[in-house]
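J.: What follows is the residue order along each chain.
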Amino acid sequence: MITAPTASKADEVTRVLMSGNEAVARGAVEAGVLVAVGYPGTPSTEILESIANRDDIDVRWSPNEKVALDVGLGASLGGVRALVTMKHVGLNVAADTFMTAAYTGVGAGLVVISADDPGMHSSQNEQDNRAYARMAAVPLLEPSDSAEAKAYTALAFEISETFDTPVLVRTTTRVSHNRGLVELAERLDRPVLGFTKNPAKYVMIPGNARRRRPVVLKRLDDMRDYVEESPLTEAFGSGTDFGVITSGIAHHYVREVLPDARILKLGMSYPLPMERIRRFADSVDRLFVVEELDPYVENDLRAAGIDVEGKSLFPQIGELSPDVVRAGFAEAGLVSKGIPIVAAPSTVTRPPLMCPGCPHTPPFLALKRLGAVVTGDIGCYTLAALEPLSSMDTCVAMGSSIGMAVGMAASGGADGPVVATIGDSTFLHSGVAALADAVYAHANITVLILDNGTTAMTGGQEHPGTGVTLQGTAATPVDLVAMCTAVGVKDVKVIDPYDLAATYGALGDAISHAGPSVVITNRPCVEAPMKVRDTPFTVLAEACTACQACMTPGCPSIVWSDELFEGRRKVVIDPITCTGCTLCVQLCPPRAIVLVNTAEVSHA
Amino acid sequence: MPEGSRGLLLAGVGGQGVILASMIVADALMRAGHDVKQSEVHGMAQRGGSVFSHIRWGERVDSPLVPLGSAEVLAAFEWAEAVRWVEYVRDGGAVVADIRTIVPPGACTDRRSWLRRYPGIDGELFDSRHLKTRLIDATATATDLGNVRAANSVILGTVAAFIDIDDVHWEAAIADLVPAGTEKINLAAFRAGRQVAEARVPDAAQDPDGFSGPHEIEIRHDWCKGCDICSRVCPEYCLAVDVDGKLTIVDPEACTGCRLCEILCPDFAIDIHAPRELAVVGTNTTNESSA
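Protein chains in written order, with the working numbering: chain A, 3 to 606; chain B, 36 to 326.
None of these hints come from the bench; they were simulated from the model. Don't take each hint at face value.
[Stated by the list, open to error] SDA-like mimics (lysine to any residue), calculated; alpha carbons at most 20 Å apart, straight line:
#, chain 1, residue 1, chain 2, residue 2
1, B, Lys281, B, Gly248
2, A, Lys370, B, Gly280
3, B, Lys281, B, Cys259
4, A, Lys572, B, Arg147
5, B, Lys281, B, Ala309
6, B, Lys281, A, Gly510
7, A, Lys370, B, Ser266
8, A, Lys370, B, Val285
9, B, Lys260, B, Arg294
10, A, Lys572, B, Tyr272
11, A, Lys572, B, Asp145
12, A, Lys572, A, Pro591
13, A, Lys492, A, Ala438
14, A, Lys572, B, Tyr153
15, B, Lys219, B, Val203
16, A, Lys203, A, Thr102
[What the hints assert, rightly or not] If the Cβ cut is set under 8 Å, some of the chain A residues that face chain B in the computed set are:
#, residue
17, Ala334
18, Gly335
19, Ser338
20, Lys339
21, Ile343
22, Met356
23, Asp564
24, Arg570
Where a beta carbon is used, it is the ideal one built from N, C-alpha and C, also for glycine.
The task is simple: from the sequences and hints, build the whole structure.
T.: Right, here's the structure in full:
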């Protein structure tokens with residue numbers, strides 16, 4: 003329910019430390035946003051979470067990014083400022099709406115945040131979403147820190163309304179997850195403008211869309227004029243030997259390495275202020291572009307006939323850093339290489355792991371034993387691809403598991419039963435249509451829905467299956483069993499994944515079943531929405547035969563002890579992190595694993 | 036002292052509270068009048084992975100990332116993480132390291148040497164770079180004070196000695212940011228960290244003798260009915276039952292001799308022979324690690 007906000011009180015603290023994500027949200031708050039919507043995805047998730055407790059904004063999770071953008075566009079056409087948030091790959095999902103929203107334009111301001119992840123800290127690719135701005139012909143803003151994240155987001159709503167276009171704001175991990183000082187301002191009081199019917203603008207049938215296409219291009223020209231004069235383009239430093247064009251976080255790395263350099267910083271990097279860039283280029287002997295990921299600005303400059311050095315010095319792969327930028331400028335002969343770094347002594351690798359007690363672990367142990375070909379998906383369970391479970395064979399995009407299983411089964415090339423594994427949030431994001439296809443194709447696959455009742459990988463967000471909204475109100479939860487049955491799956495089973503024998507049995511049955519089958523696990527995540535901590539277990543050292551059976555799931559709570567049995571290491575359980583899930587107990591042939599309090603009694 | 040912005044790195048393992056601790060440091064520096072930036076990566080790293088946070092402060096901060104070899108202090112909440120991130124510290128800088136060890140399961144997978152791949156605690160490891168190393172047992176100190184969860188504040192107390200801001204800012208930041216109700220214990224822990232004694236490094240455990248060669252798996256096929264129990268329990272995935280129900284050895288080199296298959300076989304169809312017996316029974320496997 004959208005209500006017009008009352009005039010907000012002046013905030014007592016005006017200068018605070020905020021993450022880039024919090025600052026984006028704050029910018030939207032101050033711009034009078036009334037609807038904020040998105041799908042969780044690192045590094046964008048905290049934007050909506052940071053304003054979920056406001057009662058003057060409708061803040062909500064959508065089942066996927068396309069729905070989120072549809073909701074945002076609908077709200078905008080209804081006459082309220084709307085913020086839509088997602089990670090970079092989320093915009094792929096929302097791209098269908100995004101491209102045509104550029105044609106419809108907006109009612110009130112519509113701002114789309116794309117949080118990119120150079121370096122792939124938590125993503126399956128590192129695509130540079132600035133390309134979407136050009137493809138859709140929408141303006142692109144690139145804040146470089148928290149202060150700009152707030153200011154640019156607020157300004158993006160003005161630009162959106164001035165030019166009647168969605169605006170794309172691109173952040174990167176080092177902006178989203180960087181805390182910096184932000185000065186707060188008051189929230190604007192924006193009335194609900196209401197929806198004005200305008201089929202020629204909002205009904206994109208071919209006849210109308212053909213008339214909107216020139217409007218989109220004309221708007222681009224208008225924005226080019228705007229950006230030439232805009233304060234979003236900023237000049238720093240002095241000198242004529244060389245100049246550097248920067249955008250986003252790269253700006254700060256350049257300033258770090260070359261504090262006095264001549265810099266032209268692009269706050270708006272599509273469309274480009276080409277005349278201003280040309281004057282800047284003419285005023286220096288050498289021109290550099292430092293940008294994270296693709297040679298996006300660099301290529302445009304080259305196309306405009308401007309001589310520039312960029313990706314020949316600064317890598318296209320991974321994140322930039324002060325060290326990487328210094329290395330580039332050192333190669334260009336502008337700075338020293340810096341102090342030589344003494345390499346750190348070798349240490350243990352520490353990849354991410356399934357948590358102790360994770361209900362995703364047992365099914366993957368079973369799938370490994372069953373020799374399944376497993377098409378995986380995006381979520382915590384993707385970690386099953388790593389040792390020692392090593393039981394996931396593909397992971398591509400949200401919802402890909404089921405369709406890929408259908409194709410894998412159709413190929414006849416899999417040397418074992420084909421099983422698609424997908425989490426509850428991911429299934430509702432984009433797995434449902436693929437399951438319908440599995441039924442339609444009568445595909446000989448098993449779909450394992452790992453229902454832990456949350457969106458775990460991003461920190462435990464609600465979704466349409468959880469029965470709760472982002473703002474804490476009750477909702478009708480999607481009934482997964484009924485949904486799978488309704489789609490036409492005849493064989494749907496729900497199992498407790500903590501029961502290892504039942505899990506083996508159910509998966510064994512399902513894969514022997516001809517046609518599509520579904521197995522749904524029903525244990526909640528041990529970390530969210532509440533921490534599950536039962537009585538921990540311990541190892542009776544005198545009973546442990548060091549067989550290593552308990553080590554097969556890769557539980558982080560179980561490690562080798564200093565004691566040996568027949569030359570093999572015995573194990574110990576960390577009582578602080580053990581959740582008492584009993585998986586290792588079920589795996590231990592000599593029954594050497596017992597509840598902590600029983601062990602104390604037996605030793606008393 | 037490097038010019039311009041200064042840097043500090045906090046590092047630990049997902050779940051240790053590195054992010055909250057770094058928010059406290061950043062807040063204290065802000066209260067002391069500095070421009071501050073703090074950068075972290077979370078997401079997948081939360082799941083038991085390595086977690087680190089960069090903090091930079093000064094009159095005006097540009098990069099939120101600390102350049103390599105420039106940090107004043109590395110605050111490590113775990114020993115292996117101290118070793119991992121030490122290259123960010125400038126020569127002559129400081130390393131404050133908790134002697135807590137969190138051994139990842141991935142360090143316990145070498146079933147030939149049976150060695151844990153985990154760096155031994157060594158207070159002199161960084162001496163060649165003239166780093167001031169402070170090894171502390173924050174867990175013990177916090178436990179003595181009554182709450183093990185205040186260990187991070189003990190570490191911050193030790194770190195504070197290397198950062199030139201008044202204690203009043205540290206204490207205000209801690210009181211403001213720690214969970215409600217734990218302010219008192221965390222402030223006590225911070226003060227304890229200011230004067231915590233050097234930790235006594237525990238003696239390293241004896242290494243095991245190591246792998247003496249794969250055991251030999253002998254199958255009496257005429258007794259085996261292909262029930263699949265052995266292949267389901269084998270921790271090394273040595274065995275498999277093929278489509279015809281015939282038991283086969285798919286990875287003979289991996290057998291560690293745990294004898295689960297032998298013990299659990301209802302038909303006594305499997306015998307496991309120790310490597311010593313190999314010469315007698317004859318096999319084409321070689322014993323690489325005994326050389």
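J.: Against this structure, judge whether each hint is valid.
T.: Each hint, compared with the structure:
Taking the CA atoms of Lys281 of chain B and Gly248 of chain B, the gap is about 26 Å. The hint is violated against a cut of 20 Å. A hinted pair counts as satisfied when its Cα atoms are at most 20 Å apart, and Lys370 of chain A with Gly280 of chain B qualifies at roughly 18 Å. A hinted pair counts as satisfied when its Cα atoms are at most 20 Å apart, and Lys281 of chain B with Cys259 of chain B qualifies at roughly 8 Å. A threshold of 20 Å between alpha carbons decides the hint, and for Lys572 of chain A with Arg147 of chain B the separation of about 14 Å falls inside it, so the pair holds.
Using a Cα cut-off of 20 Å, the hinted pair Lys281 of chain B and Ala309 of chain B is violated, with the two alpha carbons roughly 24 Å apart. For the proposed pair Lys281 of chain B and Gly510 of chain A, the alpha carbon gap of about 19 Å is at most 20 Å, so the pair holds. A hinted pair counts as satisfied when its Cα atoms are at most 20 Å apart, and Lys370 of chain A with Ser266 of chain B qualifies at roughly 11 Å. Pair hint Lys370 of chain A plus Val285 of chain B holds up; C-alpha atoms about 14 Å apart against a cutoff of 20 Å.
For a cut-off of 20 Å, the pair hint linking Lys260 of chain B to Arg294 of chain B stands: about 19 Å separates their Cα positions. Our distance criterion of 20 Å between C-alpha atoms is met by Lys572 of chain A and Tyr272 of chain B, whose separation comes to about 19 Å. Taking the CA atoms of Lys572 of chain A and Asp145 of chain B, the gap is near 13 Å; set against the 20 Å cutoff, the hint holds. Taken as a hint, the Lys572 of chain A and Pro591 of chain A pair is honoured in the structure, with Cα atoms around 14 Å apart against an allowance of 20 Å.
Distance restraint check for Lys492 of chain A and Ala438 of chain A: the Cα-Cα separation of roughly 12 Å lies within the 20 Å cut-off, and the hinted pair is therefore satisfied. Restraint check for Lys572 of chain A and Tyr153 of chain B: satisfied, since their Cα atoms lie roughly 17 Å apart, inside the 20 Å limit. Between Lys219 of chain B and Val203 of chain B the alpha-carbon distance is near 14 Å, which keeps this suggested pair within the 20 Å criterion. This hinted pair checks out: Lys203 of chain A and Thr102 of chain A have alpha carbons roughly 11 Å apart, not beyond 20 Å.
For the restraint placing Ala334 of chain A at the interface with chain B, the shortest Cβ-Cβ distance is roughly 18 Å, beyond the 8 Å limit, so the hint is violated. Annotation: interface hint on Gly335 of chain A violated; nearest CB of chain B at approximately 20 Å, more than 8 Å. At a threshold of 8 Å, the smallest CB-CB gap from Ser338 of chain A to chain B is about 13 Å, leaving the interface hint violated. For Lys339 of chain A, the shortest C-beta to C-beta distance to chain B is roughly 11 Å, which exceeds 8 Å, and the interface hint is violated.
A distance limit of 8 Å between C-beta atoms decides the matter here; for Ile343 of chain A the minimum to chain B is near 5 Å, and the interface restraint holds. Contact between Met356 of chain A and chain B, as hinted, is supported at the beta carbon level, the nearest pair being about 7 Å apart and thus within 8 Å. Interface hint at Asp564 of chain A: satisfied, since its Cβ lies 4 Å from the closest Cβ of chain B, which is below the 8 Å cut-off. The interface hint given for Arg570 of chain A holds, since its Cβ lies 6 Å from the closest Cβ of chain B, which is under the 8 Å cut-off.
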